[in-house]
Amino acid sequence: MADEEPLLPPDEDSAPPPPPATSSWRIGAAFWILGLCNNLPYVVMLSAARDLLEPRPGEEPRNRSRHDCDPVGTGAVLLADVVPALVVKLLLPLVGPYLPDRLRVVGVALCLWGSVSAVAAARGTLSGLGGVALGSAGAGLGEVTFLTLASSYPSSGLSHWSSGTGAAGVGGALAFWGLRAWLPLPHALLPFLALPPLLLLSFFFLLGPAPPPRPDPPFPHPDEGGGAREEKWGVAKAALRQGAPLGLVYFAEYFVNQGLMELLYFPSSPLPHSAQYRTLQLLYQAGVFVSRSSLRCLRLRRLWGLALAQVLLAAFLLAAVAVNHLLPGLGVAAALALGEGLVGGGAYGNAFNNLSEQVSDL
Numbered sequence: 001m002a003d004e005e006p007l008l009p010p011d012e013d014s015a016p017p018p019p020p021a022t023s024s025w026r027i028g029a030a031f032w033i034l035g036l037c038n039n040l041p042y043v044v045m046l047s048a049a050r051d052l053l054e055p056r057p058g059e060e061p062r063n064r065s066r067h068d069c070d071p072v073g074t075g076a077v078l079l080a081d082v083v084p085a086l087v088v089k090l091l092l093p094l095v096g097p098y099l100p101d102r103l104r105v106v107g108v109a110l111c112l113w114g115s116v117s118a119v120a121a122a123r124g125t126l127s128g129l130g131g132v133a134l135g136s137a138g139a140g141l142g143e144v145t146f147l148t149l150a151s152s153y154p155s156s157g158l159s160h161w162s163s164g165t166g167a168a169g170v171g172g173a174l175a176f177w178g179l180r181a182w183l184p185l186p187h188a189l190l191p192f193l194a195l196p197p198l199l200l201l202s203f204f205f206l207l208g209p210a211p212p213p214r215p216d217p218p219f220p221h222p223d224e225g226g227g228a229r230e231e232k233w234g235v236a237k238a239a240l241r242q243g244a245p246l247g248l249v250y251f252a253e254y255f256v257n258q259g260l261m262e263l264l265y266f267p268s269s270p271l272p273h274s275a276q277y278r279t280l281q282l283l284y285q286a287g288v289f290v291s292r293s294s295l296r297c298l299r300l301r302r303l304w305g306l307a308l309a310q311v312l313l314a315a316f317l318l319a320a321v322a323v324n325h326l327l328p329g330l331g332v333a334a335a336l337a338l339g340e341g342l343v344g345g346g347a348y349g350n351a352f353n354n355l356s357e358q359v360s361d362l
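full-length UniProt numbering numbers the first residue of the sequence shown as 1 and each following residue consecutively.
If you are wondering where the hints come from, they were derived from the structure by calculation, not from laboratory data. Do not take every clue at face value.
The calculated EDC-like cross-link candidates involving lysine to aspartate or glutamate, where the alpha carbons are at most 20 angstroms apart (straight line), are [what the hints assert, rightly or not]:
| id | residue 1 | residue 2 |
| --- | --- | --- |
| 1 | K237 | E357 |
| 2 | K89 | D101 |
| 3 | K232 | E357 |
Here are the computed distance ranges between Cβ atoms for each label pair [said to hold, decoys possible]:
| id | residue 1 | residue 2 | range |
| --- | --- | --- | --- |
| 4 | P97 | K232 | 21 to 29 angstroms |
| 5 | P270 | S127 | 54 to 62 angstroms |
| 6 | P97 | R241 | 28 to 36 angstroms |
| 7 | L126 | E230 | 48 to 56 angstroms |
| 8 | L147 | A335 | 30 to 38 angstroms |
| 9 | L103 | H187 | 43 to 51 angstroms |
| 10 | A335 | P100 | 24 to 32 angstroms |
| 11 | R241 | H187 | 41 to 49 angstroms |
| 12 | V235 | V323 | 26 to 34 angstroms |
| 13 | T148 | R229 | 23 to 31 angstroms |
| 14 | A244 | L318 | 19 to 27 angstroms |
The beta-carbon is built from N, C-alpha and C at its ideal position, and this holds for glycine as well.
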């Protein structure tokens, strides 16, 4: 019998070549647009909260007190804009493995398109809140999907996603403020119907394939278990140290934005009440954008000072709502809204930056 040639592993040159690497500018641009399109409707709905609650024809008019109250507070818009996204984020790990990314992204686009369409065509408060809830579910699905995708790409993907979501804040508030100054609410929302197609184009055509995954690291030696437990405990303590003041900042922030800001009404201003509310929301988002963008210039290790400042601001505005003429005019309220955004954005950026540095030192 002739000697058989030994079986050799296939030559590396014969293996199918990996897909070409996606250029960094395409990854960055795609994730920036995805972050913008995913979060911008959320910001628009919060900026439009006062307009969404305006009585429609045939509905009961608002209470004509000095606060010019609506029958339903803007906090209802906040709940409709947050709770569905939270539910989706809790349920998605159960069904997510059965849903391919492409199907998820199409679902995100359909939810966002349906949300803007439903709110623009709403004939009552309840139907408008239903449209807001639909957009919230789509944004929650998009956030989980795109953040998971970003982990498969270089770090520039995640940083550009964060930049896009930050631009959605001031961009959405500014765009709606400008459109609403000239157009009625349904027409002011129609330009945002371009966001879902832009999101689909960015995902299917601009974002290329992810690089091949790295091989899994070897399992740690059994003797290293104690060190791993200490590291996990260190991460938990760092998260609590940064998360506690940040949570207090956000509690005060939402209490002001969706609980008190609609009650700050200045009849002497030439702007109607809805325009005053949109202006305050715009200045708040501008403050958030500036403080998040200036993280490299101003680093804060301790955040409890920012939390205290935000709580004191909320207490002062609560007193301003209770006591007539405590705020002299819209200009002072606008300055406070800008300061609120600066504090909130600074707390957000520094909390995650501090957490990243503390975890890397473990």
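Going down the list of hints, with the structure as the test:
With a C-alpha separation of about 13 angstroms, the suggested pairing of K237 with E357 holds against the 20 angstroms cut-off. Note on K89 and D101: the hinted pairing holds, with a Cα-Cα distance of about 15 angstroms set against a maximum of 20 angstroms. With a CA separation close to 15 angstroms, the supplied pair K232 and E357 stays within the 20 angstroms bound. About 25 angstroms separates the C-beta atoms of P97 and K232, a value consistent with the hinted range of 21 to 29 angstroms.
Between P270 and S127 the beta carbons are some 32 angstroms apart, a value that contradicts the proposed interval 54 to 62 angstroms. Distance hint check: the CB atoms of P97 and R241 are about 34 angstroms apart, consistent with the given range 28 to 36 angstroms. Evaluation of the 48 to 56 angstroms hint for L126 and E230 yields a pass: the beta carbon distance comes to about 52 angstroms. Remark: the range hint 30 to 38 angstroms for L147 to A335 is upheld by a beta-carbon distance near 35 angstroms.
Between L103 and H187 the C-beta distance comes to about 32 angstroms, which lies outside the given range of 43 to 51 angstroms. Between A335 and P100 the beta carbons are some 49 angstroms apart, a value that contradicts the proposed interval 24 to 32 angstroms. R241 and H187 have their C-beta atoms about 48 angstroms apart, which keeps the hinted 41 to 49 angstroms range intact. In this structure the supplied range 26 to 34 angstroms is violated for V235 paired with V323, their Cβ-Cβ distance being about 45 angstroms.
A hinted range of 23 to 31 angstroms for the beta carbons of T148 and R229 is consistent with their spacing of about 27 angstroms. The hinted range of 19 to 27 angstroms is satisfied by A244 and L318, whose Cβ atoms lie roughly 22 angstroms apart.
Hint compliance for this structure: hints 5, 9, 10, 12 are not met, and every other hint is.
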